[in-house]
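Position in the sequence shown counted from 1, then plus 1027, gives you our numbering.
None of these hints come from the bench; they were simulated from the model.
In this text, a Cβ means the ideal position worked out from N, Cα and C, and glycines have one as well.
Each hint should be verified, as a subset may be incorrect.
Distance ranges between label pairs, derived from CB positions [as the list claims (entries may be wrong)]: (1) Glu1130 with Leu1106: 17 to 27 angstroms; (2) Ala1120 with Lys1141: 29 to 39 angstroms; (3) Ile1129 with Ile1054: 42 to 52 angstroms; (4) Val1072 with Leu1126: 20 to 30 angstroms; (5) Arg1059 with Asn1038: 19 to 29 angstroms; (6) Glu1049 with Leu1103: 52 to 62 angstroms; (7) Ser1137 with Gly1102: 12 to 22 angstroms; (8) Tyr1045 with Gly1095: 28 to 38 angstroms; (9) Val1112 with Gln1077: 50 to 60 angstroms; (10) Ala1131 with Val1034: 46 to 56 angstroms; (11) Gln1032 with Glu1134: 40 to 50 angstroms; (12) Lys1043 with Ser1137: 40 to 50 angstroms.
Cut-off 20 angstroms, straight-line C-alpha distance, at most; resulting in silico cross-link-like pairs (EDC-like, lysine to aspartate or glutamate) [as the list claims (entries may be wrong)]: (13) Lys1105 with Glu1071; (14) Lys1043 with Glu1089; (15) Lys1037 with Glu1089.
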Amino acid sequence: MSEKQRVTRKNSTPLKVYCLPEERELIESNARQAGLSVACFLREVGQGYQVSGVMDYEYVRELVRVNGDLGRLGGLLKLWLTDDVRTAHFGAATILSLLGRIEATQEEMSQVLKSVVQPRARS
1028 MSEKQRVTRK
1038 NSTPLKVYCL
1048 PEERELIESN
1058 ARQAGLSVAC
1068 FLREVGQGYQ
1078 VSGVMDYEYV
1088 RELVRVNGDL
1098 GRLGGLLKLW
1108 LTDDVRTAHF
1118 GAATILSLLG
1128 RIEATQEEMS
1138 QVLKSVVQPR
1148 ARS
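Assemble the whole structure, with the sequences as input and the hints as a guide.
What follows is the structure in structure tokens.
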């Protein structure tokens, strides 16, 4: 199929939806809360997807940031394992405790991310 013959949303037939002014306001408000355009919001809902609010994605970004912090802690652990002088004051009990907490936090973050991101995939 050539580039000119490719089917896109822009060259497809649009759907018309008649609604009352208060219905339109509600749809627009819901789209804004989800961080989507009205067209994208209606397309998602019309295909049976559960539309998540924009706040869900902010939580995901925060969890990703925390995961990065955990990665940096892993770097410190690597320094300790290589007997770097900067981590000489770390005791084995401290390191083992830290490893356990990092692992538990990563697992918890993974579960939260799945609950936020995967509902659409299950629809």
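Hint-by-hint comparison with the structure:
no. : hint                                     : in the structure
1   : Glu1130 with Leu1106: 17 to 27 angstroms : holds, 19 angstroms
2   : Ala1120 with Lys1141: 29 to 39 angstroms : holds, 32 angstroms
3   : Ile1129 with Ile1054: 42 to 52 angstroms : holds, 44 angstroms
4   : Val1072 with Leu1126: 20 to 30 angstroms : violated, 44 angstroms
5   : Arg1059 with Asn1038: 19 to 29 angstroms : holds, 27 angstroms
6   : Glu1049 with Leu1103: 52 to 62 angstroms : holds, 56 angstroms
7   : Ser1137 with Gly1102: 12 to 22 angstroms : holds, 20 angstroms
8   : Tyr1045 with Gly1095: 28 to 38 angstroms : violated, 48 angstroms
9   : Val1112 with Gln1077: 50 to 60 angstroms : holds, 53 angstroms
10  : Ala1131 with Val1034: 46 to 56 angstroms : holds, 48 angstroms
11  : Gln1032 with Glu1134: 40 to 50 angstroms : holds, 48 angstroms
12  : Lys1043 with Ser1137: 40 to 50 angstroms : holds, 43 angstroms
13  : Lys1105 with Glu1071                     : violated, 45 angstroms
14  : Lys1043 with Glu1089                     : violated, 38 angstroms
15  : Lys1037 with Glu1089                     : violated, 35 angstroms
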